[in-house]
Amino acid sequence: MEDLTKKTCSELVELLEKIKTPEIEILSHKEKLRQILISQYQKEKKTWLFFSVFQKLAFASLSLILIFFVFNNLIYPNYSLAKAREIALKDPQIKEMIEKGGMIKDLQIIKNQAFVLIQTAKEEIVTAPQIAEKKALGIEEERAEKKEERPVALAEINLKEEKVAKIEKIVPPIIQFTEKEKEKIQEISQREIPKEAEIKEVIPPSSELKLIKKEGKIQVLPEKKEEATIIYQVDKGRWQGKINLKEEKVEEVKFLGEIENNATNGK
Amino acid sequence: MDLNEEKELVKKAKKDPEAFGKLYDQYYSQVFGYILKRVANLDIAQDICSETFLKALKNLWKFKWKGISFSSWLFRIANNEVSNYFRKNKNKIPLEKIPEPISLSNPSTEILEAEEKLKEYQDFLKIQEKISKLEIKYQEVITLRFFEKKKIREIAEILGKREGTIKSLLHRGLEKLRENFETK
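These protein sequence lines map, in sequence, to chains V and G.
In this text, residue positions in the first sequence follow the numbering used here: the first is 11, and each later residue adds one.
In this text, residue positions in the second sequence follow the numbering used here: the first is 653, and each later residue adds one.
Source of the hints: derived by calculation from the structure; they are not laboratory data.
Source: prediction; values computed, not measured.
There may be inaccurate statements among the hints.
Here are some, though not all, of the chain G residues that point toward chain V, as calculated from beta-carbon distances under 7 angstroms [what the hints assert, rightly or not]:
(1) G673
(2) K689
(3) Q698
(4) S702
(5) L709
(6) W717
(7) K769
(8) I788
(9) Y790
(10) F798
(11) L826
(12) R830
For the chain G half of the interface with chain V, some residues (derived, Cβ under 10 angstroms), not all of them [as the list claims (entries may be wrong)]:
(13) D654
(14) L694
(15) I696
In silico lysine-lysine, BS3-like type, Cα no more than 25 angstroms apart, as pairs [claimed, not checked]:
(16) G:K771 x V:K66
(17) V:K40 x G:K674
(18) V:K66 x V:K100
(19) V:K30 x G:K663
(20) G:K710 x V:K42
(21) G:K663 x V:K40
(22) V:K40 x G:K801
(23) V:K42 x G:K674
(24) V:K28 x G:K819
(25) V:K53 x G:K663
(26) V:K55 x G:K716
(27) V:K56 x G:K714
(28) V:K220 x V:K234
(29) V:K55 x G:K771
(30) V:K42 x G:K819
(31) G:K710 x V:K53
(32) G:K771 x V:K56
(33) G:K664 x G:K742
(34) V:K55 x G:K663
(35) V:K66 x G:K659
(36) V:K42 x G:K801
(37) V:K205 x V:K100
(38) V:K40 x G:K771
(39) V:K224 x V:K179
Using N, Cα and C, we set each Cβ at its ideal position, and we do this for glycine too.
Next up, chain V with everything else stripped away, as it sits in the complex (with noise of 0.2 angstroms):
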């Protein structure tokens, strides 16, 4: 063989494509391999035959888990729900309060069951703030009797025969503060607000109602806001200030006006 040391790689690849290689067959193995794969083919096949069933089981049973994750995922709650609205609407208290102005807060499915909660009309709810600067300015008996206008109604609803089951209303309670959020409340106040002010309430945010699925049942449960609303005067003037305690700060400070001496305090 001649010298490849000093080879090009050009020269290597023409003795590569050149070069004769061994043509060798060894008859006795390739008989001896074929008897051998012959005689195991059946068993083979019964090996094939398991697992392309397998296989295939495997992958429809694949499909309807995927179908019915979708149907019931994806298809079947969009269904009820748009069904759920359908017979909520055609419920006449319901038409009733979505007539004069009420709104479907929330909607939720358990099994054959809907829920769904009716926010009453704006117009009725009396917010917090609302009610504070009517306190403020000694108005403050009108507080227990606006709060009995603010209910929601769950109806509950039977989607297997397609009707109302019943209607629940519910007053959305008002959350009190933990006295770490007190503390935070005083703290943030008498950073942001006048030294010689004087804080004559603080207000807890009006409660949102929500639906809440739990352990499959439907609860109702008011959202809390992470807000507060001081009212404090300096001098004769009423103040009112939004406390966002998340960012621990002062938002909308609003004047409520000049208090009488003769008025209430409001404590």
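Starting from the structure of chain V, add chain G where the hints point.
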């Protein structure tokens, strides 16, 4: 055998052992030849070839015509088996030091004759020895390209790599092989 005939035969081989036998007869020599060119040892080539066909039989039900021909599929199995062999024996005795089958007890005349015949290909054996010192990825492309006379497209099919990758592997492999000759 053209591609359509091969396709038909594979289809039959999934049901009929005789058809499988025909497929075996068709490809045994090619597969054995490729393995022998990779390992340059008749005993090892026989073992790897047996393993290749047994694996092919086991997995025949999975074989589908998806951009790879049956012969390329067989070569792929053979190639994997050779690579496995090299990986397992990486830190063992070098190929040239593996005892000749002549030392085995009562070897058949056929094996002895084949051994003698193999020794006649001295040029091949010398180059093969140098190739076997390269990384496996270079060994396989060089053997398939120059000893098996496969096209780049076919090598890409067998190795499951892009044609561009094969070209660059070939280029780098030849460079390294040339360096091997220089550092004799």
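Query raised in the report: Going back to the hint list, which numbers does this structure go against?
Result: Hints 6, 8, 9, 13, 15, 16, 18, 19, 29, 30, 32, 33, 36 and 37 contradicted; others consistent.
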